[in-house]
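There are 2 protein chains.
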Amino acid sequence: MTPKGLFIVVSAPSGAGKSSICQRLLALCPEMQFSVSYTSRPPRPNEVDGQDYHFISREAFQTRIAQGEFVEWVENFNHYYGTSLRQMNETLAQGADLLLDIEPRGAKTVKENFKDGVFVFVLPPSLEELGDRLKKRGHESDEAIQTRFSQAASEIKEVSWYDYSIFNDDLDTAVSQLRAIYLAEKCRTGRLAHKINRLLSSM
Amino acid sequence: MTPKGLFIVVSAPSGAGKSSICQRLLALCPEMQFSVSYTSRPPRPNEVDGQDYHFISREAFQTRIAQGEFVEWVENFNHYYGTSLRQMNETLAQGADLLLDIEPRGAKTVKENFKDGVFVFVLPPSLEELGDRLKKRGHESDEAIQTRFSQAASEIKEVSWYDYSIFNDDLDTAVSQLRAIYLAEKCRTGRLAHKINRLLSSM
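Sequence lines, in order, name chains A and B.
Just so you know, the first sequence maps onto residues 1 to 203 in the working numbering.
Just so you know, the second sequence maps onto residues 1 to 203 in the working numbering.
Some hints here could point you the wrong way.
Which copy is meant is left open, because identical chains are indistinguishable; a pair holds if it fits in one copy or across any two.
As the list claims (entries may be wrong) - Calculated pairs, DSS-like style, for lysine-lysine (alpha carbon to alpha carbon, straight line, at most 27 Å):
#1 K111 / K186
#2 K135 / K115
#3 K111 / K136
#4 K115 / K136
#5 K4 / K111
#6 K4 / K136
#7 K111 / K135
#8 K108 / K195
#9 K157 / K195
#10 K186 / K108
#11 K4 / K157
Since the hints were derived computationally from the structure, they do not count as laboratory data.
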């Protein structure tokens, strides 16, 4: 029997640099798959359907909610975001490891449903730095930036129930910390039960 | 206030390659200190007093036991081995991280006394490989090797209560796994409370 895959949920307030860290981890660990979320938000420039998100209409999203297709979903800034339960279960059952990029409310729902996940929160070095990064993204109004900043501050309070926290002062360090968390979690005695039992049964 | 250091206890049956892995980790992580145990066993060739062990007489060891100086001690093949509680507490209080090389019985006592330690068990790839490695060490009689092999087999059963397990098929991989465990454990949310509280209190 193939042992079940491991999944890591990464959350962060906007501007903490989560997407860059996740992309770099995936490039370093080709055996890890990215869980592509569904959203009703329109794609940003450079975002690719089926790769960054599955982009669907509000109506299609609501139908999927009604059908119980999402392990978690939220409405944020008038757009829906959600993770497909079927897609997640299939990947893990095949023994593949999975990286999920989910905001704290959704992550909490995942944690309530899956006891064996690994939950990582990416933090900005400081609130000033977070404000600067949000301004530099340059594709939103001052008002939208201010709203994001307030939401970020409230999201940061959720860090307390995450297993691991990464301060993103430096991208390389943050990536190597996330990679270390992944490698370490693969060495958890509980996850190696199949290999350990094989050794013990040879005695 | 300096946050307390982290400690990692590494155990393994003789011949699993634990000493090489620990030495390589210490070379890679100069901020980590090695906990030098006390022993009444005579030094092997190349072993240095105060570096590999504090070598003391049986009588001196027994006096220290009576004085409650050891957080754990065992008698193994007629020699005592023990870890100084004072030395351990002082290092951790200074905020330094500590690597301890302790066999399973002693490690269990440490776990009962310190809730926040990290416990890692190094396993041989197979029992055949373990037998071969014990023979190759070449400084012991056939009978001693056989006794070590039987003890190793029984020690391996202790793996179940360790947090992490490392199969030492390949030294480089094993070292990078131990290093990942160290880095990951430094990112545990609970261990970063001082840094997280500073960020939260700036809101």
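So, going through the hints one by one against the coordinates:
1. K111 / K186: This pair counts as both: shortest intra-copy Cα distance 18 Å, inter-copy 22 Å.
2. K135 / K115: neither (37 Å within a copy, 44 Å between copies)
3. K111 / K136: neither (33 Å within a copy, 48 Å between copies)
4. K115 / K136: Answer is neither; intra-copy 38 Å and inter-copy 44 Å both fail.
5. K4 / K111: within (17 Å within a copy, 29 Å between copies)
6. K4 / K136: neither (41 Å within a copy, 37 Å between copies)
7. K111 / K135: The answer is neither: 32 Å in one copy and 48 Å across copies each exceed 27 Å.
8. K108 / K195: Between. Shortest inter-copy distance 23 Å satisfies the 27 Å Cα cut-off; intra-copy 31 Å does not.
9. K157 / K195: Classified as between: cross-chain Cα gap 13 Å, same-chain 39 Å, threshold 27 Å.
10. K186 / K108: both (22 Å within a copy, 23 Å between copies)
11. K4 / K157: between (32 Å within a copy, 23 Å between copies)
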